[in-house]
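A.B. asks: Input sequences plus hints: build the corresponding full structure.
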Amino acid sequence: MIDLAAKPLSIAAAGRAFRDGTLSPIALATHCLAQIHRYDGALHSVLLMTEERALEEAHRAETELAAGLDRGPLHGIPYGLKDIIDTAGIRTTCHSQRDIDRVPTADAEVAIRLREAGGVLLGKMATHEFAIGGPSFDLPFPPARNPWNPDHFTGGSSSGSGAAVAAGFMPLALGSDTGWSIRLPAAYCGLAGLKPTYGRVSRRGVAPLSYTLDHLGPLTWTVEDCALAMQVLAGFDADDPGSSRNAVPDYQETLDQGISGLKIGYLRQFHAVGCDRELIQGMDTAMAKLASLGAEIVEVTLPSMHRFQAAQQAILAAEGFSIHGPDLQSRPETYGRNAFERLSMGAFISGADYIDAQRAARELTTAVESVFETVDLIASAAVPTPAPRIEDVEVVPFRSQPPMTAPFNLTGHPALSFCCGYSDTGLPLSLQLVGRYFDEATVLRTGHAYELATSWRERRPVLSESKQAETVI
Amino acid sequence: MPLPETSLETEFETCLARHGIVIADERREVMFQAFLALRGLIAGNRDRLTPALEPAFIHSATREPA
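For the record, the sequence lines run as chains S and L.
First residue of the first sequence? That's 571 in my numbering, and the numbers climb one at a time after it.
First residue of the second sequence? That's -4 in my numbering, and the numbers climb one at a time after it.
If you're looking for bench data, these hints aren't it; they were derived computationally from the structure.
Wrong hints could be hidden among the right ones.
[To be verified] Pairwise CB distance ranges (calculated):
hint, chain 1, residue 1, chain 2, residue 2, range
1, L, T9, S, V1032, 51 to 61 Å
2, S, H629, L, G35, 52 to 62 Å
3, S, V868, L, R23, 48 to 58 Å
4, S, V673, L, T5, 37 to 47 Å
5, L, Q28, S, T675, 15 to 25 Å
6, L, E24, S, G921, 55 to 65 Å
[As the list claims (entries may be wrong)] To list a few chain L residues with every Cβ distance to chain S over 10 Å, as calculated:
hint, residue
7, T1
8, S2
9, E4
10, E6
11, N40
Glycine included, each C-beta is placed from N, C-alpha and C at the ideal position.
C.D. replies: What follows is the structure in structure tokens.
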């Protein structure tokens, strides 16, 4: 039988164990819930545990698998949902006082897909308030902490999703990404986090922040697990106006095909945005590893980060204000300070500003597309540094230098951040791979090949029960 | 030509008032600096656009083709 205490299981490993009889879904769910009870007091990754439902779903999965009914790669797999994703009958707060008592009557499309795939919902995960305000200490729940060192930031806004997967509480959690919110916590917590192509995963039933920049996607321990999750999450939804009818490929089919002959454009230009020495070294070493696996590495350039940021920030501010403006006016006291101030920045964006930003976005998208005429993938830093201390995070109304992930929300290309080593202080380093539209398969294949060729996935955070987080004000 | 600080302050106050956003006095300077930073960042979105970048060549009657 599998020794769950030895180390957390990936989705792939748990799935194999379910099917060869060395592990049961009930045993895995019970273990995951116990780990949350034991360690999450220091990490604050879970806002609400759905323990009863989890055990029911695990029991159902066990019965079905035993009877030969196999719902696929997520059958019996524990997962968490960022608390901006609606769950019927289960409180969904957006980590905000404004929605503290809100209980949706319908599931989000991704929640439906995970339920029908036989997943086991463990709980609703901490987030920055409305996926924008944080890390904050003036909200109903404290901010999540980084399992690699609880004094450090998880990244956000999918902060609880990143912390919980890194801590081994669950092998899968969903996040949203409007500029960095999947890939930043994935980078800081040493995970694989995929922002799929715009329209690849439905956003119906998820609290919006920006209609044209929002994406949903998985955070997992391995890239292979991202592929398994995408098989369930991807697909057309007629009720999401941004959803695509493009056929969903079999991500597993190509995962092990290797990367020989792939051409990867290395975007060193993004290093200029204050990149940490250790991070650059880690990325250079990762690119050398990809070359040793058969990829051809070439240097590429794009328009300046500043231009991507200008367009992305204007669109985010305007669309976020379109969504939240009435509530910022009528019940401002229900927002935490940071979310209130960041969302209020939209008051300064005129109609012309918004149109200019959308036109710039089109031009910048064309520039990225022209690079993809010569390479299969673009590789860059995802963030300039390893996770900072949470007390050093600049919680300001406007961040003029967001991470290097934001350009690909503007253009809609699929982008994956994954672990490419550790700093001298033991914090994860990360790399971002960007693919052509709807070519998540090549992005995932490359990340998977890299993970198989390195040992970074062997290392796990050491959790502590005694570490107490700061008092919530 | 750069706008004088007083014009920017007026724009800041007007935008907030127009949308009914009330900023606490102790946060006003922080928000004003954020407003200036945002304004500075997004200015480039407009400045770079020329008629040559507009397929229909109708971007702006006030500018010469690039």
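A.B. asks: Was E6(L) rightly flagged as not at the interface, with every chain S Cβ beyond 10 Å?
C.D. replies: 8 Å, violated
A.B. asks: Looking only at beta-carbon atoms, does the pair E24(L), G921(S) fall within the given range of 55 to 65 Å?
C.D. replies: 28 Å, violated
A.B. asks: Does the Cβ pair V673(S), T5(L) satisfy 37 to 47 Å?
C.D. replies: At roughly 45 Å between Cβ atoms, T5(L) and V673(S) fall inside 37 to 47 Å, so the hint holds.
A.B. asks: For S2(L), is the shortest CB-to-CB distance to chain S above 10 Å, so the non-interface label stands?
C.D. replies: S2(L) clear of chain S: closest Cβ-Cβ about 14 Å, beyond 10 Å.
A.B. asks: Starting from the hint 15 to 25 Å, judge whether the C-beta atoms of Q28(L) and T675(S) obey it.
C.D. replies: 43 Å, violated
A.B. asks: If you check the beta carbons of T9(L) and V1032(S), does the distance land in 51 to 61 Å?
C.D. replies: Distance hint for T9(L), V1032(S) holds at roughly 54 Å.
A.B. asks: N40(L): least C-beta distance to chain S exceeds 10 Å?
C.D. replies: 4 Å, violated
A.B. asks: T1(L): least C-beta distance to chain S exceeds 10 Å?
C.D. replies: Non-interface label on T1(L) holds, nearest chain S Cβ at 17 Å vs cutoff 10 Å.
A.B. asks: Is it true that H629(S) and G35(L) lie within 52 to 62 Å of each other by Cβ?
C.D. replies: Given range 52 to 62 Å: holds, Cβ gap about 58 Å.
A.B. asks: Holds or violated: the 48 to 58 Å window for the beta-carbon distance between V868(S) and R23(L)?
C.D. replies: 50 Å Cβ-Cβ, so the 48 to 58 Å window holds.
A.B. asks: For E4(L), which was marked as not at the interface, is the minimum beta-carbon distance to chain S over 10 Å?
C.D. replies: 13 Å, holds
Hints 5, 6, 10 and 11 from the list above are not met by this structure, while the remaining hints are.
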